[in-house]
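Novice: Sequence:
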Amino acid sequence: MKPRPRCLDSLALLENCSLFIPVHVFSNLIMEEASPPLRCFHETHISELFNDDGVQTVTSKEQRKVECSIQEVYSVYQQIHTSPQPALLREQHYHYLKKGLRHLSDTYECLDASRPWLCYWILHSLELLEEPVPAAVASDVCQFLARCQSPTGGFGGGPGQHSHLAPTYAAVNALCILGTEEAYKVINREKLLDFLYSVKQPDGSFVMHVGGEVDVRSAYCAASVASLTNIITPSLFNETHTWILSCQNWEGGLGGVPGLEAHGGYTFCGTAALVILGKEHMLDLKALLRWVTSRQMRFEGGFQGRCNKLVDGCYSFWQAGLLPLLHRALFKEGDSTLSLSSWMFERKALQEYILLCCQNPGGGLLDKPGKSRDFYHTCYCLSGLSIAQHFGNQDLHNELILGRDENRLAPTHPVYNICPEKVAKAIEHFHLLPVPLQTGATAHAMDQS
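Position 157, counted from 1, in the sequence shown is what the working numbering calls 197; the numbers after and before it change by one each time, with no gaps.
Errors might be hidden in some of the hints.
[Unchecked claim] With a Cα cut of at most 30 Å, we get these calculated BS3-like pairs of lysine-lysine:
{"id": "1", "residue 1": "408", "residue 2": "465"}
{"id": "2", "residue 1": "319", "residue 2": "372"}
{"id": "3", "residue 1": "388", "residue 2": "372"}
{"id": "4", "residue 1": "388", "residue 2": "101"}
{"id": "5", "residue 1": "411", "residue 2": "101"}
{"id": "6", "residue 1": "139", "residue 2": "105"}
[Unchecked claim] Label-pair distances were calculated between CB atoms; the ranges are:
{"id": "7", "residue 1": "297", "residue 2": "347", "range": "28 to 38 Å"}
{"id": "8", "residue 1": "471", "residue 2": "380", "range": "45 to 55 Å"}
{"id": "9", "residue 1": "221", "residue 2": "98", "range": "23 to 33 Å"}
{"id": "10", "residue 1": "379", "residue 2": "109", "range": "29 to 39 Å"}
{"id": "11", "residue 1": "379", "residue 2": "125", "range": "18 to 28 Å"}
{"id": "12", "residue 1": "410", "residue 2": "448", "range": "21 to 31 Å"}
{"id": "13", "residue 1": "138", "residue 2": "82", "range": "51 to 61 Å"}
{"id": "14", "residue 1": "243", "residue 2": "372", "range": "20 to 30 Å"}
{"id": "15", "residue 1": "139", "residue 2": "109", "range": "26 to 36 Å"}
{"id": "16", "residue 1": "82", "residue 2": "444", "range": "13 to 23 Å"}
{"id": "17", "residue 1": "87", "residue 2": "410", "range": "18 to 28 Å"}
{"id": "18", "residue 1": "116", "residue 2": "300", "range": "14 to 24 Å"}
{"id": "19", "residue 1": "108", "residue 2": "278", "range": "16 to 26 Å"}
{"id": "20", "residue 1": "125", "residue 2": "222", "range": "38 to 48 Å"}
If you are wondering where the hints come from, they were derived from the structure by calculation, not from laboratory data.
Where is the CB? At the ideal position from N, CA and C, for every residue including glycine.
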């Protein structure tokens, strides 16, 4: 067997992809002073409204409509609160999530092929809120996800469904969040490796399922689960970084496949996969930084997913989550202009958008005012809020909490989007187990070729 490359070693991943500035640069806790008045109440905020230069289009009309709805939210909030301090509706969100973990209404029937995702979205939201999952519930989740695991490896969208990389990613993340011995034992690592090889393509890309479509999400899902569970072999990701790099286009972001428009979700997936593989330095980092920072909306404060699209709460993570990855990559490249206290986006503006515009009073978070709550947006709005609140790691840590102290969420790991201690615990656990090269038949055959 060939020696494993250092950049693909699980412990090296934990060491080299801690994602933050080294301890020796600055090692004391920085606490932000009291927050100034909200940005949206400043008299100059109105100047940030979209200007169509006298040329109306369908896109510009939709943008104006969204801005009007957000302006109305801000206006009503200002009338009600003489001394505004935005509040995270913790209790309401907790009860919404707790109920969803046990029972879903028939409106969720359309997500029958995404049931591991529902587990992940809810569990991650709960860990960000620092709400423990009862042992009995955790065990039930483990047993359910075990039924979603295919005999041929990987996880399907529900019991008896075909393996698919997206629910495989969600299931592994959910099990790592639970972090119990029972949860870890659910994952059949030998069969999981076989499944990853079955969807690996000769050019380094991955299809989402056997006979399915190729896009950059699949490379990220494969790299994420393989690195967390310590099943990376020397050949598993051959040429994967080359294929991902070809997805970066003239805009600076990444498309789903080479030649497509840059998109926030695909850009995050491609960049995070390259971080796992130790190849993020091969991106055009400055172009990527320019593209992602341009996606934060001037009036709304949240992020759009693509150029000339509308703000959406879910991009609070898919776009803002890129900034810690870029910060680390640029620091490694020797960029001396980087801040030692903040990511490169307007953190308060994003928190303002999430807290004022994306919370349902009955619990759960949403895309934008006028939209319905759901577990997907609850997860990614809270994840983005966490990214905006926390800079650095335990040794270099700046907290910027908009509003009351109770708004503080737990930090999230910007590569895996689960809490950092759960990442460390999973990597430590699975690193004690051998890479299943000898028992994974497909992997063994590939390594011999």
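Novice: For each hint, tell me whether it holds in the structure or not.
Specialist: Comparing the hints with the structure gives:
1. 408 - 465: This hinted pair is violated, its Cα atoms lying about 35 Å apart.
2. 319 - 372: holds, 12 Å
3. 388 - 372: holds, 26 Å
4. 388 - 101: holds, 27 Å
5. 411 - 101: holds, 18 Å
6. 139 - 105: Distance ~33 Å between residue 139 and residue 105 Cα, so the pair is violated.
7. 297 - 347: 28 to 38 Å: violated, 18 Å
8. 471 - 380: 45 to 55 Å: violated, 31 Å
9. 221 - 98: 23 to 33 Å: About 54 Å separates the Cβ atoms of residue 221 and residue 98, which means 23 to 33 Å is violated.
10. 379 - 109: 29 to 39 Å: holds, 33 Å
11. 379 - 125: 18 to 28 Å: holds, 26 Å
12. 410 - 448: 21 to 31 Å: Hint holds: Cβ distance 28 Å, inside 21 to 31 Å.
13. 138 - 82: 51 to 61 Å: With Cβ atoms ~38 Å apart, the hint is violated.
14. 243 - 372: 20 to 30 Å: holds, 27 Å
15. 139 - 109: 26 to 36 Å: Since residue 139 and residue 109 have Cβ atoms about 28 Å apart, the given range 26 to 36 Å holds.
16. 82 - 444: 13 to 23 Å: holds, 21 Å
17. 87 - 410: 18 to 28 Å: Between residue 87 and residue 410, where Cβ atoms are some 24 Å apart, the hint holds.
18. 116 - 300: 14 to 24 Å: Given range 14 to 24 Å: violated, Cβ gap about 40 Å.
19. 108 - 278: 16 to 26 Å: The hint (16 to 26 Å, Cβ to Cβ) is violated, given that residue 108 and residue 278 are roughly 51 Å apart.
20. 125 - 222: 38 to 48 Å: holds, 42 Å
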